[in-house]
Amino acid sequence: MARTEEYQLNVGPVHPSTHGVLRFVLTMDGETIKDTEMVLGQLHRGIEKIAESRSYLQFIPYTDRLDYISGMTNNYGFTKAVEDLAGITVPKKAEYLRVFVMELNRIVNHLVCIGSLLLDLGAATMIIYGFRERHKVLDLFESLCGARMTFNYIRPGGVRGDIPEGFIDNAKEFLRDMPKRIGDYAQLINDNEIVHMRMKGVGMLSPEDAINYGVTGPMLRGSGVSYDIRKDDPYSVYEELDFKACTRPECDTYARYIVRMDEMYESLYIAEQALKRRWHPTLQG
Amino acid sequence: MIFENIYEIIAFILNSAGILQYMQSYSDALGISIAPKLIIILIETALLLVGVALMVMALTWMERKVLAHAQARLGPMITWYHGLLQPVIDGVKLLSKEDLMPKRADRWIYFIAPMIAFVPALLVFIPIPFGRDGAIISDLPMGILYVMAVSAISPIGILIGGWASDNKYSLLGALRAVAQDISYEIPMVLTVIGIVLITGSLSLQDIVLFQDKIWFVFLQPLGFIIFLVAAVAEMARIPFDLHESESEFVAGFFTEYSGMKFAFFFLAEYAHLFSIAAIMTTLYFGGWHGPMIPMIPPIITSIGWFTLKVLVIIFFTMWLRATVPRVRVDQILDIGWKVMIPLALFNVFITGLLVAGGVL
Numbered sequence: 001m002a003r004t005e006e007y008q009l010n011v012g013p014v015h016p017s018t019h020g021v022l023r024f025v026l027t028m029d030g031e032t033i034k035d036t037e038m039v040l041g042q043l044h045r046g047i048e049k050i051a052e053s054r055s056y057l058q059f060i061p062y063t064d065r066l067d068y069i070s071g072m073t074n075n076y077g078f079t080k081a082v083e084d085l086a087g088i089t090v091p092k093k094a095e096y097l098r099v100f101v102m103e104l105n106r107i108v109n110h111l112v113c114i115g116s117l118l119l120d121l122g123a124a125t126m127i128i129y130g131f132r133e134r135h136k137v138l139d140l141f142e143s144l145c146g147a148r149m150t151f152n153y154i155r156p157g158g159v160r161g162d163i164p165e166g167f168i169d170n171a172k173e174f175l176r177d178m179p180k181r182i183g184d185y186a187q188l189i190n191d192n193e194i195v196h197m198r199m200k201g202v203g204m205l206s207p208e209d210a211i212n213y214g215v216t217g218p219m220l221r222g223s224g225v226s227y228d229i230r231k232d233d234p235y236s237v238y239e240e241l242d243f244k245a246c247t248r249p250e251c252d253t254y255a256r257y258i259v260r261m262d263e264m265y266e267s268l269y270i271a272e273q274a275l276k277r278r279w280h281p282t283l284q285g
Numbered sequence: 001m002i003f004e005n006i007y008e009i010i011a012f013i014l015n016s017a018g019i020l021q022y023m024q025s026y027s028d029a030l031g032i033s034i035a036p037k038l039i040i041i042l043i044e045t046a047l048l049l050v051g052v053a054l055m056v057m058a059l060t061w062m063e064r065k066v067l068a069h070a071q072a073r074l075g076p077m078i079t080w081y082h083g084l085l086q087p088v089i090d091g092v093k094l095l096s097k098e099d100l101m102p103k104r105a106d107r108w109i110y111f112i113a114p115m116i117a118f119v120p121a122l123l124v125f126i127p128i129p130f131g132r133d134g135a136i137i138s139d140l141p142m143g144i145l146y147v148m149a150v151s152a153i154s155p156i157g158i159l160i161g162g163w164a165s166d167n168k169y170s171l172l173g174a175l176r177a178v179a180q181d182i183s184y185e186i187p188m189v190l191t192v193i194g195i196v197l198i199t200g201s202l203s204l205q206d207i208v209l210f211q212d213k214i215w216f217v218f219l220q221p222l223g224f225i226i227f228l229v230a231a232v233a234e235m236a237r238i239p240f241d242l243h244e245s246e247s248e249f250v251a252g253f254f255t256e257y258s259g260m261k262f263a264f265f266f267l268a269e270y271a272h273l274f275s276i277a278a279i280m281t282t283l284y285f286g287g288w289h290g291p292m293i294p295m296i297p298p299i300i301t302s303i304g305w306f307t308l309k310v311l312v313i314i315f316f317t318m319w320l321r322a323t324v325p326r327v328r329v330d331q332i333l334d335i336g337w338k339v340m341i342p343l344a345l346f347n348v349f350i351t352g353l354l355v356a357g358g359v360l
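Protein sequences appear in the order of chains D and Z.
Using the numbering used here, count along the first sequence one by one with no gaps and you end on 285.
Using the numbering used here, count along the second sequence one by one with no gaps and you end on 360.
Just so you know, these hints were derived from the structure itself, not from any lab.
Small disclaimer: the values here were computed from a predicted structure and weren't measured.
Misleading hints may appear alongside valid ones.
Computed cross-link-like contacts, DSSO-like style, restricted to lysine-lysine with a CA-CA straight-line distance of at most 30 Å [to be verified]:
#, chain 1, residue 1, chain 2, residue 2
1, D, Lys136, D, Lys93
2, D, Lys231, D, Lys244
3, D, Lys80, D, Lys276
4, Z, Lys65, D, Lys136
5, Z, Lys103, Z, Lys93
6, D, Lys93, D, Lys34
7, D, Lys34, Z, Lys338
8, D, Lys200, Z, Lys338
9, D, Lys80, D, Lys231
10, D, Lys180, Z, Lys65
11, Z, Lys103, Z, Lys65
12, D, Lys34, Z, Lys168
13, Z, Lys168, D, Lys200
14, D, Lys180, D, Lys276
15, D, Lys80, D, Lys136
16, D, Lys93, D, Lys231
Derived contacts from chain Z toward chain D, CB cut-off under 7 Å, selection only [to be verified]:
#, residue
17, Gln71
18, Ala72
19, Lys168
20, Ile238
21, Pro239
22, Ala322
23, Val324
24, Pro325
25, Arg326
26, Val327
27, Val329
28, Gln331
Listing some non-contacts, in silico: residues in chain Z with all C-beta distances to chain D over 10 Å [stated by the list, open to error]:
#, residue
29, Val52
30, Thr79
31, Leu95
32, Tyr110
33, Ile153
34, Val250
By construction, the Cβ of each residue, glycine as well, lies at the ideal position given by its N, Cα and C atoms.
Build the full structure now, drawing on both the sequences and the hints.
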């Protein structure tokens, strides 16, 4: 009789699939994972303590680095809090520009997410396609604020500066090309049999669990809960804009992936509206 | 002149150059009359080694380029014309790397594992006919059996390499790799039975000659599909690349290997890719058959056709790698045992009925 025993396997924080952010200690029985111990805190940088000793303006660059994929959105979160505290009203045209850059940033974020997901499943192609389009957005951001990832662009009361020459043309070109690109990704991934094998029914998160754990964003909408803070508790100018909250009822990884794909289309639509309204001749103040 | 194999071709060339007689008389005088024979065999071995090494270099370059262009990149561009010298640079890099060995590794087994993986990948080429008129090292009467048996040795190298590394990732990667290799060898051999039933010969040269009129891919479509899936699994390519599975086990069984030992695993992987594509060409795509071009010796055209078919198959696997993700380990084994083996048995059954009924 062969003797078998459980063993421990360490995954991360430096591991091809954890990208330096997380560490698991797995208890394994052969190929079966019996227990997982999460070791958190790899990304803890004491950001709150730093914030205590900085002025409001000085702290904005730190928010870029909270999540280096979506710096614009992080800028906005902090700036919004400062504005609410100080009672600053922001001009409409600045709000439209903010919404525009935030939605483009959302697209970048989803592209990196989908790319990494497929990379970890073993398909290296998607991340490179995603990064190709990401670079186009980063080019736009660079022309806006001079940085590709650490933007420091959204400030209390508005944004750091107005758009440079040729920005609108480049932005329109991106908005025009992108739906076709997303269609390409969908063609590559959506109906792939192996993708279904790997993603359908995997990582189930029931709606109750999702709410209890405080999950938000595409993760929550992938569990079939139609809650989008841009719709249900609108900030900025989202109230005026037309878009829908994308949800999927399946609760698995595939549903979350599809939600992100759909949201990219919605983000493009929102960005288009914001761009149109920002430079509408009748816009005042 | 009709030659049986490469040995006779080399002997003929040496003979007509007048070297062979000189060597023969010299060694007879020394009392070692077998020496010229050994020298010719050494030349054959060198030809095989150089040929496979060149092919592996070409394949690594092709892999980079195909993958790069599929992914909207350029791939290697700096080393000479479109990076053609990149494999040479890679070789120099691997040679100059420090050859590390884990402190608690099983030294001898760790040392010998890459060779056990590499040598069978070379030996497989012995009975494969590369072209007509004797472009074959040795036409073994049980060639296909030999090929299957020899290529089944490689997993031992993988297993002991993973075991000797004293690393959990390596061991798990090796176990997965071996489980996969064994599961997919069975349907592969079973599909070959279908072909052997039709030709009535185990010799690869006979199998190629049989495909003069019609390729086996048309006679055995189901067998071909099973063979193709099993071949991709045996080559350890995406979607069946459990050998590496880098998102779980860092680099699979060769996590701890570096320098020249890693290079041997790397060479073995590509030599394996080449050998399985060559077997597939021989079994299903008519081997070296193809329209002969006048003015050029048929031996060269036939080798050209063979190489072209092999490259098309390899291009297909690279295309596959650029397109699909990896299948999970339990799913791979499920497909192997629950789908592939029954289908392969069904294929043998149908072929047997057709052969017995005199249809084929």
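Here's how the hints hold up against the structure:
1. Lys136/D - Lys93/D: Holds, at about 23 Å.
2. Lys231/D - Lys244/D: holds, 8 Å
3. Lys80/D - Lys276/D: Holds: Lys80/D and Lys276/D sit about 23 Å apart, inside 30 Å.
4. Lys65/Z - Lys136/D: holds, 24 Å
5. Lys103/Z - Lys93/Z: holds, 24 Å
6. Lys93/D - Lys34/D: violated, 55 Å
7. Lys34/D - Lys338/Z: holds, 26 Å
8. Lys200/D - Lys338/Z: Between Lys200/D and Lys338/Z the Cα gap is close to 21 Å, so the pair holds against 30 Å.
9. Lys80/D - Lys231/D: Roughly 17 Å separates the two Cα atoms, so the pair holds.
10. Lys180/D - Lys65/Z: holds, 25 Å
11. Lys103/Z - Lys65/Z: Violated, at roughly 38 Å.
12. Lys34/D - Lys168/Z: Satisfied, since the Cα-Cα distance of roughly 16 Å is no more than 30 Å.
13. Lys168/Z - Lys200/D: holds, 29 Å
14. Lys180/D - Lys276/D: Satisfied, since the Cα-Cα distance of roughly 21 Å is no more than 30 Å.
15. Lys80/D - Lys136/D: holds, 27 Å
16. Lys93/D - Lys231/D: Roughly 20 Å between the alpha carbons, so the hint for Lys93/D and Lys231/D holds.
17. Gln71: Hint on Gln71/Z: holds, closest Cβ of chain D at ~4 Å, below 7 Å.
18. Ala72: holds, 6 Å
19. Lys168: holds, 6 Å
20. Ile238: Since the shortest Cβ distance to chain D is 6 Å, the answer is holds.
21. Pro239: holds, 5 Å
22. Ala322: This interface hint holds because 5 Å falls under the 7 Å limit.
23. Val324: holds, 5 Å
24. Pro325: holds, 4 Å
25. Arg326: holds, 3 Å
26. Val327: Cβ of Val327/Z sits 6 Å from chain D, so the hint holds.
27. Val329: Interface hint status for Val329/Z: holds (6 Å vs cutoff 7 Å).
28. Gln331: Holds, because the Cβ-Cβ distance from Gln331/Z to chain D comes to roughly 6 Å (cut-off 7 Å).
29. Val52: holds, 27 Å
30. Thr79: holds, 21 Å
31. Leu95: holds, 26 Å
32. Tyr110: Fine: 21 Å to the nearest Cβ keeps Tyr110/Z off the interface.
33. Ile153: holds, 25 Å
34. Val250: Violated, since 6 Å does not exceed 10 Å.
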